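S.K.: Please work from the sequences and hints to get the whole structure.
Okay, so the sequence shown: first residue is 1 according to the UniProt record's numbering, each after it adds one.
Just so you know, the hints here were simulated from the structure itself, not pulled from any lab data.
Misleading hints may appear alongside valid ones.
Stated by the list, open to error - Simulated crosslink set (PhoX-like; lysine-lysine; CA at most 25 angstroms straight-line): (1) Lys-787 with Lys-804; (2) Lys-707 with Lys-727; (3) Lys-707 with Lys-730; (4) Lys-707 with Lys-697; (5) Lys-734 with Lys-829; (6) Lys-804 with Lys-211; (7) Lys-850 with Lys-924; (8) Lys-697 with Lys-211; (9) Lys-829 with Lys-946; (10) Lys-902 with Lys-829; (11) Lys-697 with Lys-808; (12) Lys-821 with Lys-892; (13) Lys-781 with Lys-738; (14) Lys-697 with Lys-684; (15) Lys-912 with Lys-880; (16) Lys-822 with Lys-912; (17) Lys-804 with Lys-821; (18) Lys-730 with Lys-781.
A quick note: this is a predicted structure, and the numbers were derived from the prediction, not measured.
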Amino acid sequence: MLTHALCVLVIICGLTRPSQQQTDLALVSGSSGTVVTLRCVDLITSSEIFPDDDDFLRRLAYVETSDGVAITATGEGGIWKISAIAFSNLMDETYNASTYYPMILSQFNITWTSVAYNDLDIPLYSALAARLVLAHVELNSTAALPATLPEQYLIWDFYFREEVAPIDESTFISLVNSIISSTLCTSVYRDVMFLVDNSAPIASSDFETIKSFLRVVVAQFDISSAKTRIGLVTFTNVQEVDLELNDGTSLDDVTNSITAMTQSSTTGVQTGFAITQGVALFGSAYGGRGVDNAVARVLIVVASTGSTDDVTAAVEQAIKDNVGIIAVGASSAVAQSELAQIATGSASSHVFNVSSASLLSDLTSNIENAICDEPVLLDVNTSVSFNLNPGESQTFSFTVDASGTNLSLSTTQGTASCYYSTTIQKPSSAIYDFQQIVSSPNIVNIYYFVPTSEQLSGNNETVLYGTIESTSTTVTSFQFDVGEPVATTTAPTVTSQAITALSEGEIAGVVLACLIFICGVIIAIGYYWTKRAPIRDGVEKQTQFSSDIPLRESRATVISAEEPPATAISMPAESPEEVLYANQPMESVKNIEERSVKTGANTREATVAPVLIPSEEAIYRSIPTISSSDDVEATVRLQLRLAVENSDVHAAITAVKEFRTLGLDDVDGDLIRAERLIGLNQCKQGLSYAMELRNVKYLERAIFNIKQQNYENELKNELRLAEAMLKELKSSQKMMSKLSHALSSGNVESVESITFELRAMNGYDQSTVDRMLEIHDCREKLERSMKTRDLELVTTTLNVVEEKGYEKDIPVEVRQARKMKKELEYLEKVRHDVLSLNQREVAEIRSYSKPPAGVQEVMTCVYIILGYPPSALEDWINVKVLMGKTGKESLKAQVTSVDPRKVEMAMAQEAKEIVERFDLDHVKEISNGLALFYIFVRSVVDEVEKLNSGALDAPSPFFYGASRNDFRASRLAKAQNLFKR
1 MLTHALCVLV IICGLTRPSQ QQTDLALVSG SSGTVVTLRC VDLITSSEIF PDDDDFLRRL
61 AYVETSDGVA ITATGEGGIW KISAIAFSNL MDETYNASTY YPMILSQFNI TWTSVAYNDL
121 DIPLYSALAA RLVLAHVELN STAALPATLP EQYLIWDFYF REEVAPIDES TFISLVNSII
181 SSTLCTSVYR DVMFLVDNSA PIASSDFETI KSFLRVVVAQ FDISSAKTRI GLVTFTNVQE
241 VDLELNDGTS LDDVTNSITA MTQSSTTGVQ TGFAITQGVA LFGSAYGGRG VDNAVARVLI
301 VVASTGSTDD VTAAVEQAIK DNVGIIAVGA SSAVAQSELA QIATGSASSH VFNVSSASLL
361 SDLTSNIENA ICDEPVLLDV NTSVSFNLNP GESQTFSFTV DASGTNLSLS TTQGTASCYY
421 STTIQKPSSA IYDFQQIVSS PNIVNIYYFV PTSEQLSGNN ETVLYGTIES TSTTVTSFQF
481 DVGEPVATTT APTVTSQAIT ALSEGEIAGV VLACLIFICG VIIAIGYYWT KRAPIRDGVE
541 KQTQFSSDIP LRESRATVIS AEEPPATAIS MPAESPEEVL YANQPMESVK NIEERSVKTG
601 ANTREATVAP VLIPSEEAIY RSIPTISSSD DVEATVRLQL RLAVENSDVH AAITAVKEFR
661 TLGLDDVDGD LIRAERLIGL NQCKQGLSYA MELRNVKYLE RAIFNIKQQN YENELKNELR
721 LAEAMLKELK SSQKMMSKLS HALSSGNVES VESITFELRA MNGYDQSTVD RMLEIHDCRE
781 KLERSMKTRD LELVTTTLNV VEEKGYEKDI PVEVRQARKM KKELEYLEKV RHDVLSLNQR
841 EVAEIRSYSK PPAGVQEVMT CVYIILGYPP SALEDWINVK VLMGKTGKES LKAQVTSVDP
901 RKVEMAMAQE AKEIVERFDL DHVKEISNGL ALFYIFVRSV VDEVEKLNSG ALDAPSPFFY
961 GASRNDFRAS RLAKAQNLFK R
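M.R.: Written out as structure tokens, the structure is:
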């Protein structure tokens, strides 16, 4: 029994020292799983060998083998299940994707022509093979891989399923959607602050594009008070807090705040000063949770103009405050060097730049990944506790010097693993240098980490990254500690496996050492509490006052570089009723009177003058130096009384803070009146801010706070104006809803009537009405252009939609219009190709006295499309005569003027019946020129059918197969047409 107890204690105190040799499962044969798949995709993407594939490679792995889970045997093509036929094609150096082989050798040290089929059991090799097949598709079509799932299905079905019966498109899409929905960031705890340049030089359309970009980015995260919180600040040389972390706890609130962002009329931009203020907003008073709660702090700076101040000091302070900064350049006006100065990480992971805001959408996934991968920046000697659900993880980073440090991981519930690396910024079970494993609760796994000389940088330090992953099926509760540096470079190694090898004397020695340590801790704690208790209420409170004042910036405050920021102080409270945070209700008048009676004081009403609350630095400067403890109470009470009598909010904040720090009794009731004075000022500022924004939600909140805290009498006039504004805004919202319904139903009279009422409203933002009307006009034009298949109209309307940023408002119409535009542009391309034929190719077709099968038929169909009666084209001689005409009656001239909207359906159907007797391959064997005429006939016929069917979303690929019942030929035809487009 004693032996078992001793073993348990040794396990608890055990020190493990795993190997630091890097493990990369992407190179281990037979490895599988999602993390391995993502590791392979990341390796190939970061190599920049291939163009962007719109997640096609990642999707293929899941569709083929569920990321390797469905693999039943070796030698079947690995996770991507590459067929033997496809692999044999890759081994041919004449294969067009072979142009990538030298780059694969350079990046991965793999000679591709020497790879055997069984090597595809290695995940990276299977991934490279699949990507080379996709590269072959790209090179064949001379176009980028498609992004839409139906088009990706065609490629997958044709190139990856040659030896297996095909599955239908809906099953493919369903499989892909199941992984798209699971690709949200697994590192769930973070506070994210967006710092957005809204200076005047930015084009209004570009600013709207930036807002659209932000809405897309934030939608990828699980936003809630417990997981990801979002804040928003706009800046020029002043800053406007659009959304605090306290309020950015739902996707609706965040997107609404982004939409409500407005441009400034100011031209100068001070990014350094803005970063300083942005970092301050991670404080607990604004909703920041801090790294000790395992919450990553991420600041994203979206800059469109160059900064006029230096950012170096601000970035250094951000690092000290454990804030990671990602720099995004939204125009060519921001230098890459400036963005590199702003970012706290490497250029590849923390700096993103585009020449125009219109290109920001290309960065969406990169920014999302950068935010997701940003670690929690810890200091040495830090302890964090947190929970993770199954499948979730959290990454940390901290600096370790040459002497090393100890890492302690334990759980009180569930099991976990932590993967570490000094080179990989987000290690995982697929790639790591060493790991810690907690296989059951209440076991502490301690590891002494001492960096090797290779891991140390020039300043004799290294950054260690660690990712903790939950490995249980229930919620896991963690405790993670980064301890004191180890004094020696050789740390002891004790593992649970080595316990049985210890002698009883060794076990007793270890137990004795642990007991001595525990006794020492108990004695130290007892000494601390017995000796320090008398001064905890005095000196320690004074220290807290001078170094740790929680600040809460007023919503109405505008901070500039020339003037210290105005802030409101959140008072540390002795009891819940005395808490003075701005977002919590103040005491009622009744409570104030009750407390005054108890203390025997006469409550005096104070007149409130509008004042700005001073900055933290100004507060410290205003506190007088008190030399004698006997004078402290009298001085503070005098300061408090004068502040109340003069309605001086500035002085009241200082005096209340000092009053509470000293723990004085409110014998005169001045403390209550001072708190009410401060609360009144905060409510007034909040109401002013809400009225300035004309925001219904903020107005409702500000009015509620005033009434709840019984400030109606003091703010009677302001409250009356605010309630009138709120009523007007709600009325206009209701009218806008009616206008939307009237537009949708096509009720012209209602539209005109409601529009007139909205424009007659005082103070209403007319641009909102204009926007809704413009969106409706664009929708109608797009629908009309799709019905008439009018390329010019659809192009013009799409340009307006993209310029105004209306894509999100009419997504279905835009998607259909873009598809139709692509089809019509393809038709114009076909027409252009026919017109580009040289006379020799036309003469070759005309030279036949007895043409091969297909020549007369194709050319007959061309002239049927051009409007000639079929009866006049039965003789080849007649067709040759028509082909020989010149001028306006020449073949090319007539092809130029043909308009599918004027071709009769009956003529198109007759041409279709004739041309369907032949396929494209047969026609190509006769003449390339004849093949172009064949494609021209098929494309015009297809367009005429769409015009007459009225189907806006009719399928566009042309069928070139020999038989409509031949499924494989159909798939080939669709794929060929897809790549030609």
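S.K.: So, for every hint listed, does it hold in this structure?
M.R.: Hint-by-hint comparison with the structure:
| no. | hint | in the structure |
| --- | --- | --- |
| 1 | Lys-787 with Lys-804 | holds (23 angstroms) |
| 2 | Lys-707 with Lys-727 | holds (17 angstroms) |
| 3 | Lys-707 with Lys-730 | holds (20 angstroms) |
| 4 | Lys-707 with Lys-697 | holds (16 angstroms) |
| 5 | Lys-734 with Lys-829 | violated (49 angstroms) |
| 6 | Lys-804 with Lys-211 | holds (12 angstroms) |
| 7 | Lys-850 with Lys-924 | holds (18 angstroms) |
| 8 | Lys-697 with Lys-211 | holds (20 angstroms) |
| 9 | Lys-829 with Lys-946 | holds (18 angstroms) |
| 10 | Lys-902 with Lys-829 | holds (19 angstroms) |
| 11 | Lys-697 with Lys-808 | holds (23 angstroms) |
| 12 | Lys-821 with Lys-892 | holds (24 angstroms) |
| 13 | Lys-781 with Lys-738 | holds (22 angstroms) |
| 14 | Lys-697 with Lys-684 | holds (16 angstroms) |
| 15 | Lys-912 with Lys-880 | holds (21 angstroms) |
| 16 | Lys-822 with Lys-912 | holds (23 angstroms) |
| 17 | Lys-804 with Lys-821 | holds (19 angstroms) |
| 18 | Lys-730 with Lys-781 | violated (31 angstroms) |
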